[in-house]
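Chains as they are written, first to last, in this note's numbering: chain B, 17 to 420; chain D, 88 to 437.
No wet-lab data here; the hints were simulated from the structure. Check each hint, because a few of them may be wrong.
[Unchecked claim] Cross-link-like lysine-lysine pairs, in silico, DSS-like; alpha carbons within 30 angstroms at most:
| # | chain 1 | residue 1 | chain 2 | residue 2 |
| --- | --- | --- | --- | --- |
| 1 | B | Lys-254 | B | Lys-231 |
| 2 | D | Lys-209 | D | Lys-250 |
| 3 | B | Lys-171 | D | Lys-336 |
| 4 | D | Lys-399 | D | Lys-266 |
| 5 | D | Lys-361 | B | Lys-171 |
| 6 | D | Lys-399 | D | Lys-164 |
| 7 | B | Lys-192 | D | Lys-361 |
| 8 | B | Lys-21 | B | Lys-231 |
| 9 | D | Lys-266 | D | Lys-424 |
All figures in this text were calculated on a predicted structure; none of them were measured in a lab.
The residues making up each chain are set out below.
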Amino acid sequence: MTYLKSRRFIASAFTAITMLSITRTITGNGDLTSTVTIAQALVFASPIALAGLAGIWAERAGVINIGLEGMMILGTFGAGWAGWQWGAWAGVLAGIIFGAIGGFLLAVAAVTFGVDQIIAGTALNLLALGTTKFLAILLFTNAPGGGQAQSPPIKGEIPVFTLDSIVVPLTALHEKEIFFVSDLAGLVAGLFYNMSLLTIITLLLFIMTSYLLWKTAFGLRLRSAGENPWAADSLGVKVVQYKYAAVVFSGMLAGLGGAYLSIASTIYRNGNTAGRGYIGLATMIFGDWRPGGTAAGAVMFGYIDTLRLIDTGNQNVKGLILLGSIILFAIGAWMLRSSRRNTAIGFLLLGAVMVGAYFSATSFPPEVAQVAPYITTLLVLATASQNLRPPAADGVPYRKGEDH
Amino acid sequence: MLKGVKLASVLAVASLALAACGSSGETAESAAPTEAAAPTVKVGMAYDQDGKGDGSFNDAAFAGLSKAQTDLGVEIKEVNSGAGATDAAREELLTLLADGGYNPVIAIGFAYSTALAAVAPKFPGTTFAIVDSVVDSPNVGSLIFAAEQGSYLTGVIAASASKSGHIGFIGGMEIDLIKAFEAGYNEGARSVNADIIIDSKYMGPAGDNTAWNVPEKAKTATDGMIANGADVIYAAAGGSGLGMFQSVKAAGAGYWAIGVDSDQYTVPALAEYKDFILTSMLKRVDVAVYDVIAAVVNGAPLVGIQAFDLSKEGVGYSASNSAVAEYAAAADAAAAKIASGEVVVGTKVE
Chain B
17 MTYLKSRRFI ASAFTAITML SITRTITGNG DLTSTVTIAQ ALVFASPIAL
67 AGLAGIWAER AGVINIGLEG MMILGTFGAG WAGWQWGAWA GVLAGIIFGA
117 IGGFLLAVAA VTFGVDQIIA GTALNLLALG TTKFLAILLF TNAPGGGQAQ
167 SPPIKGEIPV FTLDSIVVPL TALHEKEIFF VSDLAGLVAG LFYNMSLLTI
217 ITLLLFIMTS YLLWKTAFGL RLRSAGENPW AADSLGVKVV QYKYAAVVFS
267 GMLAGLGGAY LSIASTIYRN GNTAGRGYIG LATMIFGDWR PGGTAAGAVM
317 FGYIDTLRLI DTGNQNVKGL ILLGSIILFA IGAWMLRSSR RNTAIGFLLL
367 GAVMVGAYFS ATSFPPEVAQ VAPYITTLLV LATASQNLRP PAADGVPYRK
417 GEDH
Chain D
88 MLKGVKLASV LAVASLALAA CGSSGETAES AAPTEAAAPT VKVGMAYDQD
138 GKGDGSFNDA AFAGLSKAQT DLGVEIKEVN SGAGATDAAR EELLTLLADG
188 GYNPVIAIGF AYSTALAAVA PKFPGTTFAI VDSVVDSPNV GSLIFAAEQG
238 SYLTGVIAAS ASKSGHIGFI GGMEIDLIKA FEAGYNEGAR SVNADIIIDS
288 KYMGPAGDNT AWNVPEKAKT ATDGMIANGA DVIYAAAGGS GLGMFQSVKA
338 AGAGYWAIGV DSDQYTVPAL AEYKDFILTS MLKRVDVAVY DVIAAVVNGA
388 PLVGIQAFDL SKEGVGYSAS NSAVAEYAAA ADAAAAKIAS GEVVVGTKVE
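Go ahead and model the full structure; you've got the sequences and the hints to work with.
Okay, structure coming up:
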């Protein structure tokens with residue numbers, strides 16, 4: 017089992033790097049796999065990934081978490097409020113605590129009172145937005161360097177590591193433009209360049225989640241609360257307690273994601289989550305309610321955002337178009353083999369259109385890159401929906417002792 | 088089950104109420120000087136987004152308002168629209184002020200255009216003013232700033248200060264208002280160095296309100312420009328501009344940032360970046376706001392399109408950082424040419 021899994025992981029990583037490498041070779045655009053791009057992509061991906069992971073925890077226990085955005089907003093605010101007074105680590109802690117409060121509120125409404133989970137989550141989003149704006153006026157208006165809509169700068173920093181002994185030779189190797197080898201070097205170097213301790217913590221949380229939820233009795237019980245709480249209850253699992261634990265922990269993760277954002281931009285500012293809670297939710301669905309896929313989705317958002325922003329000659333977007341078409345061709349070819357002919361032809365045609373666009377246009381508007389992750393998510397939902405499997409009792413209010 | 092529903096509705100209503108508190112957070116400040124003899128002029132001011140404290144646009148409006156308060160002894164009332172306010176909410180704010188006898192009522196920001204167009208005809212006796220937009224009504228003064236002219240000057244300064252012959256522009260939302268900044272900047276820079284390379288990046292397309300609040304993205308975009316060889320960057324991107332300052336500071340000596348709207352060199356929230364802020368494009372919203380109030384006090388309200396350009400000192404550049412002195416002669420010469428009409432600055436990016 018583990019052997020099969022790790023083989024699948026290596027195979028998909030190999031395919032991804034090959035595709036990137038082909039694109040990089042055709043476009044001659046080194047940015048696509050450069051150290052800086054990868055390092056920055058991880059910074060953009062982390063808050064989204066944390067929101068997605070938060071979604072996994074809540075939904076695996078059977079509670080739909082539309083309130084991720086609200087919990088994240090609470091996290092950004094907590095980090096700004098504590099961060100400017102007592103330093104960055106206090107900000108991280110406050111972000112987690114504020115997020116946990118959001119999680120607790122959702123748990124009370126959704127688990128104890130059985131409120132419709134979509135409505136409860138939406139209410140939490142509105143509540144978080146209004147409360148933080150109100151508190152920002154109250155607490156930041158007269159603070160030195162603050163304003164009605166933003167906190168003063170957060171004091172101190174979270175440590176950031178660069179391992180020169182790895183980065184320098186690998187970056188040099190990347191610049192040699194050797195097929196596959198240089199791209200792999202750039203990707204690996206990116207992992208050791210400007211690596212924030214918070215990003216490492218994010219990575220550890222993903223590994224911990226995979227282990228806790230899928231390899232321990234605790235995880236089995238928690239997931240059973242999301243699959244079939246009535247059966248779990250009949251076997252003595254304390255379903256309500258598990259749901260509470262999962263949703264509060266979900267709030268803590270989303271709060272950490274918010275704190276990450278505030279610390280990355282050194283201040284809290286009204287609206288600086290910019291909808292990342294919802295994007296996190298999308299990556300969770302993209303990733304089939306599993307940590308690996310969710311992380312991949314978040315990295316995709318972060319990678320595309322980075323390429324769009326560091327692009328100075330509109331060449332990166334062009335590269336992305338080509339990369340997209342190569343991926344479409346690959347999926348189409350694979351589907352042809354597995355006899356899903358119509359979908360396969362659709363993919364191949366779309367890929368051909370994109371290749372045509374690539375060779376006929378000199379540049380593309382950057383908006384194309386902005387919508388690309390959403391289109392990808394939609395494509396995944398549209399074509400893989402038979403294979404996506406949310407927890408069976410996701411969103412179903414549970415009452416102890418009720419017949420089902 | 089009924090209990091649950093009840094709680095849900097209470098929660099929902101409570102959250103809406105709180106959201107409303109946050110968004111239209113009114114800050115009433117009436118400070119009528121006691122010695123005022125004539126009937127006091129009451130000024131109603133509606134800020135955009137989150138109001139004062141943005142270190143930029145709204146603060147500049149407040150500076151004009153408080154000057155009027157001290158010099159002219161007017162009574163003031165300030166309200167905020169809150170981020171993402173609807174036109175209906177903005178209409179209510181304006182109606183509230185006009186109903187309360189405030190005259191003039193000044194709306195800060197183009198986002199009030201639709202609301203003001205609906206409200207102004209209902210109060211023919213009240214003078215309204217709007218910044219950055221044209222509302223066609225006989226009792227509205229449309230305060231237009233020639234941002235392209237001010238940006239032309241920062242372009243001249245940027246190109247003169249650049250050692251690499253490569254500069255950058257960070258825009259907020261990709262709309263005509265901000266593109267005019269870019270157009271003027273490009274034209275000014277090319278007037279100094281015809282072969283200069285100019286990178287440009289917007290934080291979001293039209294309609295994407297998050298574009299003003301994503302400093303971490305502006306930082307990455309600036310990092311990209313600097314890595315590509317740019318050494319002077321100009322941002323017209325609201326709260327996202329902070330990211331440009333961070334990136335330029337991280338790049339170190341030899342790199343310059345250019346601020347916008349207010350004199351960002353003197354903004355307390357940006358104090359740690361001031362050594363890297365070469366100059367700022369000044370949009371004298373304070374001058375315009377003061378002029379509108381003074382005109383009402385003098386009984387000759389300013390209505391119709393009021394263009395605040397270089398000739399009226401409605402735009403300009405800041406000289407707070409002594410490092411800009413080196414380039415002041417070139418900028419002042421360009422300003423004189425524009426004011427006299429010798430150079431006409433376009434508002435469209437080529």
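We went through each hint and held it up to the structure:
1. Lys-254/B with Lys-231/B: Status holds; Cα separation ~19 angstroms.
2. Lys-209/D with Lys-250/D: violated, 56 angstroms
3. Lys-171/B with Lys-336/D: holds, 16 angstroms
4. Lys-399/D with Lys-266/D: holds, 22 angstroms
5. Lys-361/D with Lys-171/B: The hint holds at about 18 angstroms.
6. Lys-399/D with Lys-164/D: Distance ~27 angstroms between Lys-399/D and Lys-164/D Cα, so the pair holds.
7. Lys-192/B with Lys-361/D: Answer violated: Lys-192/B to Lys-361/D is near 40 angstroms, above 30 angstroms.
8. Lys-21/B with Lys-231/B: holds, 14 angstroms
9. Lys-266/D with Lys-424/D: The given pair, whose Cα atoms are some 22 angstroms apart, holds under the 30 angstroms limit.
In the structure shown, a violation is registered for the earlier hints numbered 2 and 7, in ascending order.
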